[in-house]
Amino acid sequence: MTATNLADVEYVVRIIAQTAVDKEKEFGDFDAVVGDGDLGYSLARGFEKVLADWDSYKRDDVSAFLQQIAVTITSRIGGSSGPLWGTAFLRASVTAKQFDEITGTAAVAMLRAATDGIKARGNSDLGDKTLLDALVPATDELERMITSGANAADSREAFAKTTRERAEATSELEAKRGRASYSGERSIGSPDAGALAVAIIIERIVAGWPER
Amino acid sequence: MKKFVNNPQQFVPEMLEGLALANPDTLKYVPEFNLIMRADGPDPNKVSIVQGSGSGHEPAHVMIVGKGMLDAACPGDVFAAPPFDYVHETTRLMASPKGVLLLVNNYTGDKMVFEMAQEMSAAEGVNVKTLFINDDVSVEDSTYTIGRRGVAGNFFVIKAVAAAAERGADLDEVIRVGEKVNSVTRTMGVALTACTPPAKGSPLFELGEDEIELGVGIHGEPGRRRAKIMPANDIVEELLTPIVKDLPFSDGDRVALMINGLGGTPISELYLLYGQAHKRLAEQGITVGRSYVGEYCTSLDMAGASITLVKLDDEIESLLKDPAEIPIRVF
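These protein sequences, in sequence, are chains A and B. Sequential numbering from 1 applies to the first sequence in the UniProt record's numbering. Sequential numbering from 1 applies to the second sequence in the UniProt record's numbering.
In isolation and in its complexed conformation, chain A is listed as follows (with noise of 0.2 angstroms):
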């Protein structure tokens, strides 16, 4: 059993790639505050190429698809962000096989092993100052959301101003993991860059969603 309606999934994936691409001043800016400044650089190498591959990816499956994305993001984002970002791809791949149809509840189900993923390959967990700070309470928010019965666009929106709120909210965090942590309580007062720019993602993603 493994969901075939590919569509929503490589809207989403197209829009990460994109946005990855467009924001590399951006997010390398973010990360220049108290990490090396190569966040930006490092993720448009990794998804210019998915863009570039993207009518070679076979698209058998959700499953297949995604597998594709983590094997080439892994292979060319540098640094740990590969590994990090490609556990993510490949979690919610092998997650995705669980369901027949990527539903509001099967992506809390990737999003959650993406996240658990990212925890145990980066050894990190909440409160590290990392992207995870952002995205865990958001997919908490909208499974909260899916789950009360809420419709699908307030789930949305919820899920995307949760991401902004908890990055905005992490540079109150002190910086335990990559780079940034050498820094230490310097890293204080400024948001995580990968935070910010999961935040920035999302919000690109939620606000194209209707016309998608």
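To be clear, the hints were calculated from the coordinates, so they are not data collected in a lab. Source: prediction; values computed, not measured. It cannot be assumed that every hint is accurate.
No farther apart than 27 angstroms at their CA atoms in a straight line, the calculated lysine-lysine pairs in the DSSO-like style are these [claimed, not checked]:
hint, chain 1, residue 1, chain 2, residue 2
1, B, Lys98, A, Lys119
2, A, Lys97, B, Lys129
3, A, Lys176, A, Lys161
4, A, Lys97, B, Lys98
5, B, Lys245, B, Lys279
Mind docking chain B on chain A? Use the hints.
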């Protein structure tokens, strides 16, 4: 620093090409992935044993590919973990119905790449596991690691798992053997000089004319402490004492003893170290059952050495005795 080098960027590919040309009957070179594999591999009747790491540690690991040792090695550039796609493609190429074991020295960069390749290949249906080697006693954490580093003792893990695989053991059994050998293997090294990566052209770090670095890792990264040069017997004591205490090795034990050269030390000096280590162990009631002297896991041209002890039992000793055919040979 004078080096045999053309284009530093081509240092690793040119080395691998030479290795393949020197061993046309036994080795196959796949340039796209820096891959050196057995010409007759993968063998569907045995677990494939693969190790990767940065280059610069030769003969580890590309020159110990052959029957009874590694089925393949996929190195990165000098002192850099191999890229993910090299390890991923190597795993796919070496996929045997009996499985693939990826051996990794415990350095953070290598760990992340190999775990990722293992997970990706497993999702594609390859039966593959990873085993991390962490035999270094000198530090709990170092510049590039989470936890103890994997250094020259990895040779014993490779030899034992490869022998078990040749005998037909399944993947779980091969892993059991590897974990067991890793758990009784301890190493500590010392650098007399820094090393010079070809692409850099100058020494990687500064070590004074009269200084040595005790507990050094295989990239010259610092270990326990920096000390003034001392007589060779005193250096043996500085290395052997922490090793013996760590496991601990004790009266009545039978061990394998390795003196590993780090690349720039003559074999004469290695045998001088061996003699003292052997005698000091005997004084503590520890018998050397198997001895290894030479270059196994190096740091380019670094002058220095490491000592490894492995606690032997009948199973480990028997596996270490099995035959192996690898490119390093003296006749």
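Here's how the hints hold up against the structure:
Using a Cα cut-off of 27 angstroms, the hinted pair Lys98/B and Lys119/A is violated, with the two alpha carbons roughly 31 angstroms apart. In summary, the hint linking Lys97/A to Lys129/B is supported, as the alpha carbons are separated by about 22 angstroms, within the 27 angstroms threshold. Of the pairs offered as hints, the one joining Lys176/A and Lys161/A holds, with about 25 angstroms between alpha carbons and a cut-off of 27 angstroms not exceeded. Between Lys97/A and Lys98/B the CA atoms are separated by roughly 25 angstroms; this keeps the pair inside 27 angstroms, and the hint holds.
Proposed proximity of Lys245/B and Lys279/B is supported: the alpha carbons are some 17 angstroms apart, at most 27 angstroms.
Going down the numbered hints, you'll see the structure goes against just number 1.
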